[in-house]
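> The lines below spell out each chain.
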Amino acid sequence: MKPSLEQKVWMYEHMLVSRYYEQAIEKIYLEGKSPVFNMAKGTIPGEMHLSNGQEPCAVGVCAHLHDYDIITATHRPHHQAIAKGVDLKRMTAEIFGKKSGLSGGRGGHMHLFDPAVNFSCSGIIGQGMGPAVGAALSRKLQNKPGVAISYIGDAASNQGAFHESLNLAAVWKLPVVFVVEDNAWGISVAKETSMSVTHNAVRAQSYGIPGVFVPGNDPVAIFEAAGEAITRARNGEGPSLLDLETYRLAGHFMGDGEDYRPAGEKAALAEKDPILVFEQTLLNEKVITPDENEQMKKAALSRVEEAVEFARSSDYAPAEEAMDFVFV
Amino acid sequence: MAVKERKLTIARAMAEGIAQEMRTDESVFVMGEDVGPLGGVFGNTRGLYDEFGAERVRDTPISETAFMGAAVGAASDGMRPIVELMFVDFFGVCFDAIYNNMAKNAYFSGGNVKVPVVLMTSTGGGYSDGGQHSQCVYGTFAHLPGMKVVVPSNAYDAKGMMIAAIRDDNPVIFMYHKSLQGMGWLGTEKGATVHVPEEEYVVEFGKASTAKEGSDVTIVSLGVGVHHALKAAKTLEQDGISAEVIDLRTLVPLDRDYIFASVKKTGRLVVVDEDYHSYGVSGEVMASVVERDISILKAAPKRIAYPDIPIPFSPIMEQWALPNVEKIVEACLAFDYHQEQAALI
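Protein sequence lines correspond, in order, to chains V and X. Position 301 (the first sequence) corresponds to 301 in my numbering; numbering is contiguous. Just so we're on the same page, my numbering is the position in the second sequence counted from 1, plus 1000.
Derived from the structure by calculation, the hints contain no laboratory data. Because the structure is a prediction, the values reported are computed rather than measured. Glycine included, each C-beta is placed from N, C-alpha and C at the ideal position. There may be inaccurate statements among the hints.
Said to hold, decoys possible - Pair by pair, the computed Cβ-Cβ distance ranges are:
1) V:Leu5 to X:His1143: 54 to 60 Å
2) V:Glu306 to X:Asp1293: 40 to 46 Å
3) V:Glu192 to X:His1143: 39 to 45 Å
4) V:Val171 to X:Gly1092: 19 to 25 Å
5) X:Glu1051 to V:Thr231: 34 to 40 Å
6) V:Tyr260 to X:His1143: 34 to 40 Å
With the hints as extra help, turn the sequences into a complete structure.
Here is the structure:
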């Protein structure tokens, strides 16, 4: 299925929000950390994994989803959260560790939970897959609508959880779509040194489920493949795996020197920046006018600025509230 | 009116509690290895498959990581899964799903996501099943925050605690000792098979109980250790020593007040635990007394626990290492019962 014009615009808008968001986070993250880089310091403490470049994987899939559909996301979750409709202000406050955050600052950027749109993530590689299978089972047992999307990176596909979850979802014929964002790197280790096959799509087939490789980091191609997989899931035909070629424009985490990258890789990736490519496509196809493009950029930027302002002006929860919510 | 004496094994009591909850709550379902037609390797899902069918009593592949994770996902989506980890020793392959997701998601979400999983799992040795099928590891689960940890010593508690566990909005690990299950081939402890009411009832978590009252020494234990302690107390009576036996019932929450009150009365403490000696339940129980008021002790507390070794296969070695009645009696006899004043400090 092809995306409608509205869907293309929606995807572009959410890619813009995601990118501006990451750019803002990148800047804020460095506040208070220099002259000597100290992860614990600054407005946003802790690790930070940016998703610049991987936006097509989020919007191409989420364009098909409703609030009641489920996502279990990765440790690099911002683009997925934005596309799923997680409250941007509360998410930002969470990343800042503030009381107004999604969990009052107990989770942080790798542990975002927004039950209103059925979004969660885990900082442990591959560990969202079992929960996605379980959520899909829950919908099947309750006869409730909804497909569960489990996002992972290519490196997580070497975890036992990947293989067990694919098999379990397949034998139980559950409405799950496993989405592999293949950015070719597991921190500093290249995919080709970690995987015995070139594409995870091949692995899916060995579990008796469709595995589709989508090259090119193209939101429209991802939209089309995701549409088929999600339709299958909604029709009770069982799980699928989408193997999406994507690019990580930044390092694994902020502070990563990226010395492992071959010379010239980053420059080449920057030229393939999916937002610039998609922008050009939409302009060429006259889906949007240059004026509309500027308006959309402004609107996206102002959403991000509002979220950041909300987070900045929020208070930290009192320290002793750390004791809340273990047993609720 | 005469009380109807209907004795059940722990396995049957667990199955009955689960069945009753499944009848009234559509969101309860069971999954795990061999929980279906076989009825569970340790018998606690017997009869459920026939009554509720394969959708709600679900055999899984041997894929603990996936189905433990699935329990988290289903629970977060409004179901109340009961999931069995056949032997607790197998937790290594699925601990991420347990302690990084199941136990933490409620906290990470600021209480917005509840994870009402019951994780039932077998513990304990004594039948030469070797060091990967005989451990208790109570302390490992109790040490990590976010899960309730319950260890029944008899069928009455097992049913009431199972129903409480299913109704609890938090993850609960229900650790049943193999030798208490009532499976003949495991050398069943008769004392665990007790009267169990037919109706549904709840045994509240965080409440220890007195298995036997006494005045000279407090023996604190859990699971099968309670039965060892009761037998030891009988022997001690012949020596004129009155032992009080406390059954912890739940490790998280731990009824520290109850333990303290008993030790305050007797002045002497022995902890019996089939889990490893160091960094475990026995140390925690002793610490919870002495850090509150060391002066209530008339003597240094003692513990009888599994030595810090992998569990050996040879019956000679395993039985030597396990807590038993003789060790408890010996430890209790070693106290000086004529000493009236606190001798410590």
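> Now, for every hint given, state plainly whether the structure supports it.
Evaluation of the provided hints:
1. V:Leu5 to X:His1143: 54 to 60 Å: 57 Å, holds
2. V:Glu306 to X:Asp1293: 40 to 46 Å: Because 56 Å falls outside the window, the suggested range is violated.
3. V:Glu192 to X:His1143: 39 to 45 Å: 41 Å, holds
4. V:Val171 to X:Gly1092: 19 to 25 Å: 24 Å, holds
5. X:Glu1051 to V:Thr231: 34 to 40 Å: 36 Å, holds
6. V:Tyr260 to X:His1143: 34 to 40 Å: 37 Å, holds
Checked against the numbered hints above, the structure violates only hint 2.
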